[in-house]
Every structure is written in C-alpha cells, then in structure tokens.
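Okay, here's what each chain looks like letter by letter:
There are 4 protein chains.
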Amino acid sequence: MNATGRIFRVSLFGESHGSAIGAVVDGCPPGIPISPMTFAADLARRRSGARGTTPRAEADLPELHSGIHLGFSTGTPILILFRNLDTRSQDYARFASVPRPGHADFTGAVRYGGFADPRGGGHFSGRITAGLVAAGAIAKLVMPGVAFSTRLLEAGGGTDIDAAVEAALAAGDSIGGLLELRVAGLPVGLGEPFFDSVEGLVAHNVLAVPAVRGIEFGDGFAAARMRGSGHNDAFVSREGKTATNHCGGANGGITNGNEFVLRVAVKPASTIALPQDTLDFTTGAMTSLVGEGRHDACIALRAAVAVEAAAAIALADLVLLSRCHDLPQGDHP
Amino acid sequence: MNATGRIFRVSLFGESHGSAIGAVVDGCPPGIPISPMTFAADLARRRSGARGTTPRAEADLPELHSGIHLGFSTGTPILILFRNLDTRSQDYARFASVPRPGHADFTGAVRYGGFADPRGGGHFSGRITAGLVAAGAIAKLVMPGVAFSTRLLEAGGGTDIDAAVEAALAAGDSIGGLLELRVAGLPVGLGEPFFDSVEGLVAHNVLAVPAVRGIEFGDGFAAARMRGSGHNDAFVSREGKTATNHCGGANGGITNGNEFVLRVAVKPASTIALPQDTLDFTTGAMTSLVGEGRHDACIALRAAVAVEAAAAIALADLVLLSRCHDLPQGDHP
Amino acid sequence: MNATGRIFRVSLFGESHGSAIGAVVDGCPPGIPISPMTFAADLARRRSGARGTTPRAEADLPELHSGIHLGFSTGTPILILFRNLDTRSQDYARFASVPRPGHADFTGAVRYGGFADPRGGGHFSGRITAGLVAAGAIAKLVMPGVAFSTRLLEAGGGTDIDAAVEAALAAGDSIGGLLELRVAGLPVGLGEPFFDSVEGLVAHNVLAVPAVRGIEFGDGFAAARMRGSGHNDAFVSREGKTATNHCGGANGGITNGNEFVLRVAVKPASTIALPQDTLDFTTGAMTSLVGEGRHDACIALRAAVAVEAAAAIALADLVLLSRCHDLPQGDHP
Amino acid sequence: MNATGRIFRVSLFGESHGSAIGAVVDGCPPGIPISPMTFAADLARRRSGARGTTPRAEADLPELHSGIHLGFSTGTPILILFRNLDTRSQDYARFASVPRPGHADFTGAVRYGGFADPRGGGHFSGRITAGLVAAGAIAKLVMPGVAFSTRLLEAGGGTDIDAAVEAALAAGDSIGGLLELRVAGLPVGLGEPFFDSVEGLVAHNVLAVPAVRGIEFGDGFAAARMRGSGHNDAFVSREGKTATNHCGGANGGITNGNEFVLRVAVKPASTIALPQDTLDFTTGAMTSLVGEGRHDACIALRAAVAVEAAAAIALADLVLLSRCHDLPQGDHP
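Residue numbers (our numbering), protein chains in the order written: chain A, 41 to 373; chain B, 41 to 373; chain C, 41 to 373; chain D, 41 to 373.
Wrong hints could be hidden among the right ones.
Which copy is meant is left open, because identical chains are indistinguishable; a pair holds if it fits in one copy or across any two.
Straight-line C-alpha distance at most 25 angstroms; calculated SDA-like pairs for lysine to any residue [stated by the list, open to error]:
(1) K180 x E299
(2) K281 x G270
(3) K281 x A207
(4) K180 x E103
(5) K281 x H365
(6) K180 x V276
(7) K180 x C364
(8) K281 x G153
Treat the hints as calculated values from the structure; they're not laboratory data.
The task is simple: from the sequences and hints, build the whole structure.
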C-alpha cells in the first residue's frame, strides 16, 4: 500500500509527468487551522532552485479540495492536490529496454508488469514527495508543542557542503549526504514494545523517501562499539530527563521524553551526466547510457524536509494513538 | 499493536516471568510441513549457554496448539506456546521507584499506567523473542528457495569476538555488536514505491528487536559519502543481475533479484554488574544501582537470529502479497 | 477510517458542497483498461433526473489524475475526482442549533467537534457515493467473468414502484425500498471462517451506503423460521453446485461457487417536504422544521448502484487475496 | 485474517478437536481487573446442557497466560486459552469426499487446499466462539457504563421457544431463531460516515458468528416499507435523546446516544439426525448422509452470547478510538 498510519493515515498518489500528484490525509482531528499557507515553508524547503538541485520549476500550489471548511480541518479526509506543470517528457520508453543503473526502471517494470508510467520516473519520482511534505505539514499541526529540526550534517563525505556540491556539478556526478533529525517536545509513552516501536514506525516511513539507505537512532551504529556503562543514560528528573541521550529519546521502543534523535543516510542520486554501463535488454549486449536532462546533484538537500515529514507522520499517528491508552473511566485503582 | 503483517501476520504475547510466551501466526498457507523440529535450529541459535549469554536456562519446547494437522499447516491461525520455567523473580517492584538506566522501567510505567508486569522486564524482555524466532522459522518455510545468512561482524568494536566477550565479562560490563544479514533467492518485484518499500517493512520489524539502534541497506551509511558514478549498479543480465551490489538488492523500494543485504547495530545490554547512577523517584535524590543477576554480556550474539526472524516475517508477507500483483485473467494486452 | 480493503483499497473524500469529491483506489492490478467511459454506465444509474430523485444536476465527469497511463492501470494509486458544480448552499448553519430528524446534523456535530462542513450534508451526503460508484466500476474490472445484477424489489412496501413514488411525491414524503443483489461467477473459496467472512466484509461496506438499515444473505431472516432439513442445500456437482441456494452462495463464511445473493433494506430519505418536530438546541424548546429544497423521494432508486459498488469493492479485495492462498512452490504433497 | 479491530484487536485460533482454542486480545487498556471469573457468566450462557443444545461437555476453564498481573490487565497482549477435552473424533475424513449440506466441508477443502483439520468442523466449529465470548467479556469491561441485553425473540418462527425446541428434537431436525441485542449507555459520536460506520463494523463482526444470515439496525427491513415522516426520530433533548428510536441509535453511521438496537437472523444448524441428499465426490453419484452424533437443535440459544460478544468487540474498539477524535491541546478556537 502506498499509505501509512492507523489513526492519522496518509495516502500518496501521482506520477511525475501525470496531470497531478498529492495526498489524502484521513484521521486529521477537526479544528486545526489549515490553508495553502500551512504548507508554504516546508514546500519551499523541498523546492528546487538552489545549486545542486534540479532545474524543474513547479509552483507547488496546494489545492485543498476536501476536509477543510472556513479555514479549519473538519475531521474528514483532506485532499491536497498539486498540478504537474513543468513536464518535459523525453523518450522514457527506451528505459524499458535499457534500464538505468540505480533507478527503478527494471524493478518497476517487473512489479507493474510493464504498465508503469515511465515518464520522469512515474510513481517512483521524488516529485511524489510534494504530497508527503504537505501531509507532514499537517502532521506537525496535530502535535502543537513538538518541534522538528533537520540538518544536513555532511554531503559527499564532508562538512563543506557548498564545495562538495560544486565539485559534483563540475564532475557531472552526484553526491550523497547525511541528515540529522531532532524532535523536541514529544510526550513520554509513544510506541509499543514489539513491532510498533517508535523507532520501527519512524523507520518504516523514512525509508520510503527515495534515496534513503539507512537510519539510526541516538548513538546508532556507534552504539555497536560501546559498552553498557557508557551507553546507559542516567535518569535525573521525575519527568524522565536523562543526563546523557545515547538512546536518542526512546527506551524499549517507547519515547522517554528526551529529544528524539535520528540520522539518515541519503545515497547520491542515480541520474548523473556521466556515461554509465548497463544492459540493453533487447539486444542482450552491454551498452553505455548518457545521462539525461534535469536532476539533483545532491538530493540530500531536498530530501531533508521529506525525511522530516515522513517522521512527523509516524509521530502524529502515535500522539493520537496515545490518547487511547488511558484507563477507562470508573473506579479502578 | 504487537503484531505485524498484512497477509502473513504475527502476533506476539507474553511476559518474561509469566506462565508462557509465544506467537500466533495467521495467514500461513496450508500444506507446509511444521513440527516442533521446525523450530529447533533457530531456537538453538537464540538459546543461552555460550560465554557472554545469560545463564537463564529455558527448554524452549514449542507447543503447537492450532493450525497444524497431520504434520502440515492447515491455513488457519497457528498458536505456538513456550512455557516459562526458569523464572527467579527478584524484587522488581523497586524498579518502579528507581528505574534502571537504559531499561524500559520508566517508559513502561508511563505507557501502561503503572500496571505493567515488571518481573524480568515483563513484555519488554528479550525472552519474548522466542515467539518471534519461532514465527520466523515458519516465515522461512513460506519462501522455499530463499536462503538467510546472518553473521556477527563485530562485537565491542572489534572482530575478535571471543576476546571482546571475555573483556566485557571481566569488567562486569556489556558490549554491543554489528550484524549482517544476507538473503539470497528473493524474487524480483517485492515492495512498493512509497511506505511499504521492502526496506521500510524490514526495518519496521527489525527495529522491534530489543537493543537494535540502527539499520542500513547495501552500502548504507557509506553511500552518504559516495558519488552516483560509484554507487550505481550496472545491470548485466536480463534477470536483473548487477555487476556490483551497492544498493543491497533493491531499487525504488522493490527487490531487484540480487542478494538483499542489510546491517544492524546492536547496542550493549543495559543490565550490567557495575553500579550506575540513577534517580530515586520516591526521594527525588540520585542513587546508585548495583547490577542484578543474570544477563547477556553481548546481546548481539543472541539477537542475530531474532533479527533474521524479524526480516523473514516481513519478506514472507511480501512474497505472499506479490501473488496478488498479477493481471486478472482475461484478454488484456 | 473512510477507507476499506486490504489489497484493493478504496479511500473516499469530499463534501457535498466543497469543490470536489472522489476516491483514491490503491492496489488495482496493472494492465486494466480504464478511461472515463469505464464509469459511464454505473454513474448514469446513480445520477438523478428520474421521477423520485433529487433535481440536483451534476455532470459527474470523472477526472483521472494518476495511476493510468496510455489507457491502462499502472498498478499505482488511481485518483478519481468529480467537481461539485450544482451547489446551492442554503443556511445550513441553522441545522447546528436545530438538527434535522434522521440526519447526521447532531451526530456529525459531536463527532467532529462542531467543525464539520454542514453544507448539503457535508461528508455525510449521498453525493459522496459518486466516488464509491466509480471505485466499484474499477472493482468489477478486477473480476472479469463476475456479473452483478441489482434490482429494486419493492418501494414503499409494494412492487408497483412507479405508483409508490408518485404517491410519495404527492404527499411530500419519502419512501424506503428493498434491493436485491445477485453476483454470478465468483470462484469458490473467497473469505475466512472468522471475522473476514465474505458476508462480513460485504456487509461492512454495504452498511456504509447512506440509508441502508439491514442486510441479509440467501434466505436471510426467513432462515430464522426454517428447519435445517429445509435450509440445507444438497451438493449436486463436483464444482460445488447445489440443488437449492438457501445459503446464498456461502458456507462457513466462504463462497461456494453458487450465485451470491443478498438483500438490502433502504430506509426512506430523511429529508421531506412535510414539517417535522425537533428540538431547538439554542432555546431548548421543541420547534417545527419545514422541509428544505432538493431531495430524493425514493433514495433506494439511486442507492442500488452504490450498494452494488460497495459489495464489488469487498469482493475484488477477496478475489485478489485468494491468490495468496496457494501453496508455496516446492515439493510439498 | 481471523482477527478484528484497530485499537482493541482480537485474534481467534484453534480447531474443534485440536488441543486448545482461544484468543489473543491486543490493545486492552491497562488497569482493568481480569480473572477467570471475568468470563464465567458469559461462558455459562454459551455452554451446552440445556434442551436443544449439544451434549458436548467442556469445562471451558479460561487459562490466562499473559497480559495480566496481580489481577489487572497490563496493557500488553492477553492470551486466553481453553483446552479441548471432550473430543470424540469420528471418521471425519469421509466428509472430504461426501461434503455435508450446509457445512463448510466443501468450501473449507477448496479454501485450504485439502489441509484443513476436518475433525468436528475444525476451525469452522462453533467451538471457536468460546474465544470470541471470552474476548467479548473483556470488551465489555473496557466500556464501563455500557449495558448489553440480548434476547431470543423467536425460535422456529414462533415465540414459544420451548415448544419449538421440543418439536425439533422430536423430528430429529434443527430450527433457526431471531435474536435482538440492545446496547444502552453508548456515548454519542462512535463511528465514521463511510465504511467504518458503527453499523458496518458491528455487522462485520456479527456475521462472523456461525449460522448468522442477516442483521438489521433499528427498524431494519421494516424501514424499507416506511415513509420518512414515520421513520424520522424527533430530537427531544440536547443530549440527543429522541422521541422514537426507529433508527436504532445511529445517524449517518454514528451513534446518537439512544439505545443501539439490532436484530440477527440465525439459521437452523446444518447438522441434523435426518438423512440428507448430497454428492459423493469420489463416485460422482448422489448419496444419502445419515446425521452424525452431537449437535444443537436450536443453535440460536447459544449464539446469543456470541453475537453479543462480536458486537461488544466492535464497540469497544470504537470507544477507544473516539478518544483520538478530540482537538489537540493548544489555542485553537
């Protein structure tokens, strides 16, 4: 399913070069102020234009067709629609016989029996994350008092990110990056011990963002090299505040009220200007693909807000679910 | 929910020191040979006894109460039950007022309103993974021809694992570890572009295994430091075989028929013999906790098969789901 | 959730007097020919215009924004959008203080905390069934060889339906009706013994159609007055054909290959031209509501195709799910 | 799936003549007092012994293996197990070749590829409802203040139920019955306009009870013969109390705070003492089946509490879900 969530549920739809893409958000509580401006800041972070991002220019004006009345959410499903305007469909049909390395041309052809829309990556396109980011903006409103902060820690292996982008552009190549998301203000008690741990639910969504290849919480992979005496976080307040935060804000799959911290590995975009070897499925011989038009030299720049949105959607669901945990009214001790 | 899966669905239950723990597996296809021996090899990998593992001795005899007839799965829900026999309940009540660092004493108390069973970690215990491992053994049978291989690459930051375990034992401390899982023989086409990507579903389950702090696919975090020209995998056969496997067997969230590769960071167990600072919630003053009895010096040793089971459960679900993707019968082109 | 289905999943959205209503269909197999014409016949059955139906005139032109490429489903989510054009919003705000008998004015206000869109019934409007009917049209294409037939058996308690409608119109009142749906060509083996019985899944969806108050399968309520010797259906062929069909095509919650038969009770529409007593919530005194503008004298006329669509959506999901029931490949007996 | 519920989730397992049957209840809030006595009253209503019920004698002692500590629910999954003790397995294998009319012998064989446990009906047996009834008893505790009342209105078409049972026994036949369930004390606002209407969710579960063939809400099928002026219920209090209750406690799929009323048609049990025609699938010729041993002459007697439990499970889920509907804290108007 191209959908996620049990209470706050987001369904994505659309293809890169179809008429429109977007999301349906079901389970948003009523009474939340929502307008096109709700999405402006996050959509701006996702938009192209900066060095190292694709030159595809989309206005990304969100059309709100349902679930909002007099400026507030009604509690019924919200349809957010974005028109695709700047589509330049090349001859994508050739990718059916000459699949691009690192792309979903081959797996999409098998998964969808040859019927997938190949133009601009179709449903596999990063374009689809506009709907994800919009849904994430609503998710954040469901959690007033919770603050998200996402940074690009590294690009191309270094911290001088501008230089790394310029080098990649000069080489006609692409670079990966390392993102860090910090979430402050989450209540204690979100998540389940098994399967629906807060980390599991967030990872599920975040790994759906194109180009994400790994996720770690708190000290993450560094914890594999630590000792328990160094990793355990001492409690220092009755609210669960800890002296350190090696665990990244969760114990036993459940938030402990400290900052929730995760890092995400973003691979370099598959589309590059350099020629690449691949198989011509028609002839059965190896061939060389020359890079096509528009692409992101550093997709991590624009993935940041999508990762944040994906995490926010999982967390909003947990925040709403946590209201069901309370005891029923009555005379229980 | 303490359950996972859309078609092949696993529900876990039980507490560390309750009468029994186990799993219900719903959606297992009929006709699969299942007996207590089905689980023997994987349960042996999970069992304690080796250096660095807890001395708790459980026979782990799986009782099969439903869903199996004349040695074959019937297609109806399978109940697998394990008795808890070697339980030595100490005074766990004190952990309600003096929560152990790194444990779920605090978060569990909030999440469950003070009603959680604290004995031996209750539902948060690694003991619960016996049911997970048993369900994983069935999951593997649903995918004949798919082979799982899991290795402990590192413990305590090094590759001499025996030495690292001895050093941890001598110090009364615990160490983390790095696991690698390789899955061979998966068909092309498992997964969805958004949300239910193969990586997302596997990560969701794997992060439920206690002590897991991170997961990466293919080159994972290393990919964040690579260039596209170095990360892209050239296709070399019509079956999707690639010359390299930087992506770890998935493009666009969908398996590509190459080996599916992931690594998992396991933190050091929270329970150690050394004294640790924590807050006494009753007095409001800091206090020192002395480590209690039985624990794992290197939980990664026993987590390996649990991680493998968690991944297998997600993959079995996708294998069964993939049968629904075909075209309906008829005269479509 | 305003969504249904595990594999073939339909999400509805929209309000009666908002800008648009529609559906997202996720899980539709690729390769199914779909165009605006796909929906024409069923939408025509749902449209108003005949005696006894509302004079609201909507073109009901389906806009297909995703999931379709070159005339075929791609396998990705399909967005179907219908514009609302003929909206005449009266002063619906008064229904917040003077809720109409039989309507959802009161329950909607409580459920949505006063934020629901009241215009034309908002999300509770029968208008929303346009999306349901469109999704049902796709569901039927997923099951080639399965034939649906729905009849209005009775209106207002009698079989002379035209006369009943005229009488209702003359009285400024509304009438209910009895529908029968027959589905031929379903394979044997759809459904589960518990909870996800074929009857349970179909009833779940059908009872979502506004004004439906009951559903029965096979002999239904008449079976409560029968004896086993008269209700049991004798098998007469190895394909499961039975001499009679008292059970309506299902045994033990699972289709048996005979015609699947159900009947549905549709209540009279709540909106009538006659004055009705109700409470003025502002004053706390009883008052009389005079019927407002456009409505259906016999909503059962237009509910027929919506009931059929609701059932088709459940059955398409089961048809796709049944492909997962097969044995895994291998040497099992 | 043999499971139901989004927040309060019940999974059933077991076969009639296997070692045990039961249920896992996930999502029960913590702090609810639960002991074997919790189930005694409802299990007694389900138990056999009275005239017209099967002579199979089962102690039905619920074993509680998880999710309960010191007499209270912990909030983690609850396993309830019942041993099967009084099993007299006849030669059920013959029903594979000579399927019993009205039974699931044929559909079960197709659905489960010939691997289903045929003894005593296997997973299709009414025996499985012991787990359903136990889960229903917990569901009721989740809703303190909500009262359930279920009556057998008719058996065999009449209201002298004892006489109808005696006549059926004398004839070696079985009779159906009509049940009515009334639920008082439900809050206003449970349910969704589309798909997850309160009626749809309840019907989904109730139709899983073996032998149920129809369900109606409020006036139900009688409403199909009514006029709107006679069916609409006038509001008479600000809490939503209505002068009449034709709608049975729900408007627009959402509870309105009045008594929630439904009736259920139960068919006569398929197993009778009289000989019946059916096909011998081996020879391809018609044959006569002589009724086997133990059965219920009036299954509606024992189905009453199972119907009540099935409804309670759906309603408990909605009660817990309703806590998520509230506005988020903050300064929204």
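query: Among the hints numbered above, which are violated by the structure, and what are their numbers in rising order?
result: Checked against the structure, the hints that fail are numbers 3, 6, while the rest are satisfied.
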